[in-house]
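Chemist: Residue numbers (this note's numbering), protein chains in the order written: chain X, 1 to 448; chain G, 449 to 864.
Hints listed in this document are in silico derivations from the structure and should not be mistaken for laboratory results.
You may find that some hints are simply not true.
As the list claims (entries may be wrong) - Straight-line Cα separation of at most 25 Å, PhoX-like style, residue types lysine-lysine; simulated pairs:
# : chain 1 : residue 1 : chain 2 : residue 2
1 : X       : Lys67     : G       : Lys755
2 : G       : Lys755    : G       : Lys837
3 : X       : Lys40     : G       : Lys755
4 : G       : Lys844    : X       : Lys423
5 : X       : Lys378    : G       : Lys844
Residue strings, one per chain:
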Amino acid sequence: MKKINLLILIAVSILFITSCEPTIDNPIGTGSLGSLSTNKDSLVYVAIGNSITAGYMDGAVYSEGQKYSFPNLLATQLGITNFIQPGIEGEGLGMRFKFKGFTSTGSPILDKLILPEINVSNASYPKPFNNLGVPAAIVYDLIDTVEFAQKTYALKNPFYFAVLRFGDKYGKSIIDQAIKLKPSLITLEMGANDVLLYATTGGTMSTTQVGGKYVPTPATALLGLYQAALTKLTQALPNTKILLFTVPEVTNVPFFKTVPWNALVLTDTLQVKGLNAAYSGLFKFNLGANGFIAADPYSQYKMRQLKAGDAVLLQVPQDSLAKFYMGSKYPIPKQYVLFGDEIDTVKKAVSDYNEKIRTLTSISQNIKIFDLDDVFVKLLSSGYPVPGSTTLNASYIAGELFSTDGIHPTPRGYGVIANELIKFINTNYGSDIPHVRLQNLPAITVYK
Amino acid sequence: MKILILTFSTLIILNGNLFAGGFQLNDHSARSVAMGFSTVANISDPSAIYYNPACIAFDAAELSFLLGSSYIMPGGKFTGITTLNEQKTTSLETWNFLIPNFFGTWRTPIEGLSFGVGVFVPFGLGTRWPSDWVGRFTAVETYLQTVEINPNLAYNFKIGDIPISIAAGFGYVIGNVELKRNLSTFNPEPILQLKGDGNGTTFNAGLSVQPCEMFKFGASYRHNIEIEFEGDVSYDNITGLESKFQEGTGKTKINLPNDFRFGIAYQVRNDLWVELGINYVGWSSYDTLAIKFDKGPGAPASTYESKNARLYKDVITYRLGAEYKFDEYCTLRCGGFYDPMPVEAKYVEPMLPEGNRLGGSLGFGYSINKTLSLDLGYMGIVAMQTESKDDTNLSKFSGIYNSWANIISLSINVKF
Numbered sequence: 001m002k003k004i005n006l007l008i009l010i011a012v013s014i015l016f017i018t019s020c021e022p023t024i025d026n027p028i029g030t031g032s033l034g035s036l037s038t039n040k041d042s043l044v045y046v047a048i049g050n051s052i053t054a055g056y057m058d059g060a061v062y063s064e065g066q067k068y069s070f071p072n073l074l075a076t077q078l079g080i081t082n083f084i085q086p087g088i089e090g091e092g093l094g095m096r097f098k099f100k101g102f103t104s105t106g107s108p109i110l111d112k113l114i115l116p117e118i119n120v121s122n123a124s125y126p127k128p129f130n131n132l133g134v135p136a137a138i139v140y141d142l143i144d145t146v147e148f149a150q151k152t153y154a155l156k157n158p159f160y161f162a163v164l165r166f167g168d169k170y171g172k173s174i175i176d177q178a179i180k181l182k183p184s185l186i187t188l189e190m191g192a193n194d195v196l197l198y199a200t201t202g203g204t205m206s207t208t209q210v211g212g213k214y215v216p217t218p219a220t221a222l223l224g225l226y227q228a229a230l231t232k233l234t235q236a237l238p239n240t241k242i243l244l245f246t247v248p249e250v251t252n253v254p255f256f257k258t259v260p261w262n263a264l265v266l267t268d269t270l271q272v273k274g275l276n277a278a279y280s281g282l283f284k285f286n287l288g289a290n291g292f293i294a295a296d297p298y299s300q301y302k303m304r305q306l307k308a309g310d311a312v313l314l315q316v317p318q319d320s321l322a323k324f325y326m327g328s329k330y331p332i333p334k335q336y337v338l339f340g341d342e343i344d345t346v347k348k349a350v351s352d353y354n355e356k357i358r359t360l361t362s363i364s365q366n367i368k369i370f371d372l373d374d375v376f377v378k379l380l381s382s383g384y385p386v387p388g389s390t391t392l393n394a395s396y397i398a399g400e401l402f403s404t405d406g407i408h409p410t411p412r413g414y415g416v417i418a419n420e421l422i423k424f425i426n427t428n429y430g431s432d433i434p435h436v437r438l439q440n441l442p443a444i445t446v447y448k
Numbered sequence: 449m450k451i452l453i454l455t456f457s458t459l460i461i462l463n464g465n466l467f468a469g470g471f472q473l474n475d476h477s478a479r480s481v482a483m484g485f486s487t488v489a490n491i492s493d494p495s496a497i498y499y500n501p502a503c504i505a506f507d508a509a510e511l512s513f514l515l516g517s518s519y520i521m522p523g524g525k526f527t528g529i530t531t532l533n534e535q536k537t538t539s540l541e542t543w544n545f546l547i548p549n550f551f552g553t554w555r556t557p558i559e560g561l562s563f564g565v566g567v568f569v570p571f572g573l574g575t576r577w578p579s580d581w582v583g584r585f586t587a588v589e590t591y592l593q594t595v596e597i598n599p600n601l602a603y604n605f606k607i608g609d610i611p612i613s614i615a616a617g618f619g620y621v622i623g624n625v626e627l628k629r630n631l632s633t634f635n636p637e638p639i640l641q642l643k644g645d646g647n648g649t650t651f652n653a654g655l656s657v658q659p660c661e662m663f664k665f666g667a668s669y670r671h672n673i674e675i676e677f678e679g680d681v682s683y684d685n686i687t688g689l690e691s692k693f694q695e696g697t698g699k700t701k702i703n704l705p706n707d708f709r710f711g712i713a714y715q716v717r718n719d720l721w722v723e724l725g726i727n728y729v730g731w732s733s734y735d736t737l738a739i740k741f742d743k744g745p746g747a748p749a750s751t752y753e754s755k756n757a758r759l760y761k762d763v764i765t766y767r768l769g770a771e772y773k774f775d776e777y778c779t780l781r782c783g784g785f786y787d788p789m790p791v792e793a794k795y796v797e798p799m800l801p802e803g804n805r806l807g808g809s810l811g812f813g814y815s816i817n818k819t820l821s822l823d824l825g826y827m828g829i830v831a832m833q834t835e836s837k838d839d840t841n842l843s844k845f846s847g848i849y850n851s852w853a854n855i856i857s858l859s860i861n862v863k864f
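Build out the structure end to end from the sequences listed, making use of the hints.
Modeler: Dropping the structure here:
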């Protein structure tokens with residue numbers, strides 16, 4: 001009997017299954033660089049751009065957010081270990097929103113921090129930064145050589161001085177600083193602010209004025225500036241691979257889509273009568289949802305009633321809308337409203353820019369067009385499915401793509417841009433760079 | 449009996465719970481485990497109540513009890529295979545399960561009539577992935593356990609010289625379900641947890657025919673069990689988000705499959721029986737996993753129904769077992785089975801890593817005296833690698849599943 005026991009024990013211990021290992025037929029994301037570079041060490045990457053490149057989110061650039069800038073995510077996936085970004089510490093630089101959760105009625109609670117000017121912790125880094133993303137920069141800034149500190153004060157934009165340092169040593173313009181680093185790969189993402197300044201201020205500011213009215217930067221001007229910048233860049237760096245981004249059309253981001261144009265809900269016939277009388281029939285009010293009244297400096301009565309297709313901007317003082325008759329007894333100031341015809345102006349400008357940008361490949365065969373606009377169009381129309389999770393979409397906060405400022409992506413949203421860029425690089429340079437795991441990037445951080 | 453059921457469910461809750469084809473459990477006696485679950489035609493202990501209750505009428509003892517437990521040690525891995533789910537392997541956390549069982553039979557004073565009752569765990573499932581793994585928005589912890597109390601009556605008679613027995617039984621089943629997963633939008637990630645219970649009834653029937661000394665035939669049917677689970681939905685990590693994630697109730701209905709078994713036992717020589725069994729399991733009943741929330745997660749003002757297609761289908765499992773009488777005390781056993789997965793590979797998901805399973809087993813029985821005997825069984829199960837992929841669905845959580853299990857089972861049989 002003991003023998004049998006022993007035999008069985010031995011048989012069981014032989015049989016006991018400890019683990020089964022996966023067999024993978026087609027490994028993907030092996031990290032091979034293809035024609036991008038012969039080895040990782042000789043791969044130097046510089047990112048040129050605006051806030052999107054800087055990793056701006058929640059209204060500011062801050063170190064936790066910078067970690068998820070698309071250039072930093074790309075550099076990590078490429079295996080680059082010394083991709084240097086400006087060390088912006090503390091709460092950041094800009095107008096920082098901190099999401100604290102929701103009120104009992106489900107409205108987001110945002111703490112707005114007005115941040116002091118701060119020093120950059122690695123300002124003494126002895127080279128230009130690899131991430132040359134300057135929030136609010138326009139195409140003109142690529143080749144502009146006005147001294148950075150002077151420019152920061154003139155334009156009230158601390159980022160020129162924080163990102164671009166020591167003009168005498170490292171180069172007087174963004175392009176000069178990029179050249180100084182002798183990169184083998186450049187991403188060039190610019191032009192969004194040439195139209196966004198117009199769009200986000202309800203047409204009350206812009207780069208350009210025509211006949212006393214603000215308009216987006218004209219496409220021909222943008223083309224000329226880009227030609228000058230790219231000519232300089234490709235002459236100095238004849239072998240550098242340049243990924244030139246199209247300009248995303250952003251009037252479908254939450255900033256323009258969250259506050260309804262007709263949220264003036266009237267439940268009382270007295271209110272309806274009062275408003276109809278006050279505007280003497282000029283505008284019509286009914287029980288239920290009505291279009292807000294907004295300022296319109298170019299019309300006869302200096303105001304108009306909103307209709308479908310008009311946008312109320314996210315930064316409108318919502319308390320005033322709800323409690324202080326803004327949009328009913330008093331018009332919403334123009335800087336918070338973008339009319340349908342102005343949205344068309346924005347769309348036209350972006351489409352004209354992109355048409356011109358696509359012609360820039362004639363400057364050098366090393367320039368390839370990465371269609372960021374197309375990425376945004378697809379994201380905003382059909383969303384972006386994440387395996388095992390939800391489909392990211394354009395709705396404010398819940399959609400996970402856009403941060404609390406309503407324009408700039410969340411870390412997960414920047415991950416989508418990085419992945420689309422990686423897909424583009426792999427297709428064009430025969431590389432096999434692994435994608436970013438979107439599941440492991442945060443979307444909306446809740447602060448205590 | 450209620451006390452008994454409660455005791456059983458407490459035991460299972462404390463120890464967790466487990467898997468087999470789909471999430472049916474067959475591990476209700478050490479003898480059956482040792483013989484690859486092939487026991488349908490030739491069973492002489494009270495575990496027949498589960499495998500084929502007609503056999504209890506042939507038990508020579510007047511009173512017989514079988515008390516046992518199976519210890520199930522499952523393991524599993526997931527490896528991403530698409531660009532968005534790149535190749536990294538995650539292992540299931542170790543979660544072993546002690547599944548108790550109890551059976552008793554009584555030959556009544558009425559000629560040919562026997563009564564038996566069993567308490568066992570017909571279905572169970574438990575998977576726990578690391579809380580930070582890539583699939584945490586689909587499943588972190590999934591747990592299902594059921595306990596069935598199943599009284600049976602069996603009656604044996606003869607047609608000509610052929611002994612025949614028929615049996616029928618009733619089943620009352622209680623179940624517990626627990627689901628836990630992360631929600632993706634916020635950082636830190638809220639954790640959704642659903643805990644519910646429910647009950648259901650079922651019936652079963654058995655037939656045993658023993659046309660000659662060398663052959664035994666058996667057939668057994670267990671009806672499906674519909675359980676409507678109802679329970680509480682709660683959240684963790686929701687500081688600041690309380691107005692969006694409100695505690696409420698959740699409901700889900702699970703229709704556990706019916707099961708038809710057929711077995712032929714053949715006496716090769718005086719001391720050796722072999723048995724071939726086939727088992728048809730109606731897994732097509734597991735078509736959708738729909739959970740109704742009275743307050744939608746993230747949108748508590750309205751109800752919400754999360755619907756996941758499971759699309760299981762009926763399967764046939766093949767089993768083979770042998771029992772060799774070594775001497776008057778000791779019996780040696782071995783067996784094996786092939787259990788095809790009851791779902792197309794592309795629908796496999798992390799709550800239940802599936803694969804076509806191969807099982808091999810061995811064990812022995814030892815009679816201490818006429819009253820008391822012991823059985824010990826071991827079974828090893830390996831699931832062949834399953835590649836779950838759907839190129840038409842980008843949000844599909846594509847990957848490779850590897851899974852396996854070791855089972856050790858012990859039974860104590862007392863006969864009077």
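Chemist: Each hint: holds or not?
Modeler: Evaluation of the provided hints:
Taking the CA atoms of X:Lys67 and G:Lys755, the gap is near 36 Å; set against the 25 Å cutoff, the hint is violated. With a C-alpha separation of about 19 Å, the suggested pairing of G:Lys755 with G:Lys837 holds against the 25 Å cut-off. The suggested pairing of X:Lys40 with G:Lys755 is violated, with an alpha-carbon distance near 46 Å, which exceeds 25 Å. The suggested pairing of G:Lys844 with X:Lys423 holds, with an alpha-carbon distance near 19 Å, which does not exceed 25 Å.
At most 25 Å may separate the alpha-carbon atoms for a hinted pair to count; X:Lys378 and G:Lys844 meet this at roughly 19 Å.
Hints 1, 3, counting from the list given before, are not met by this structure.
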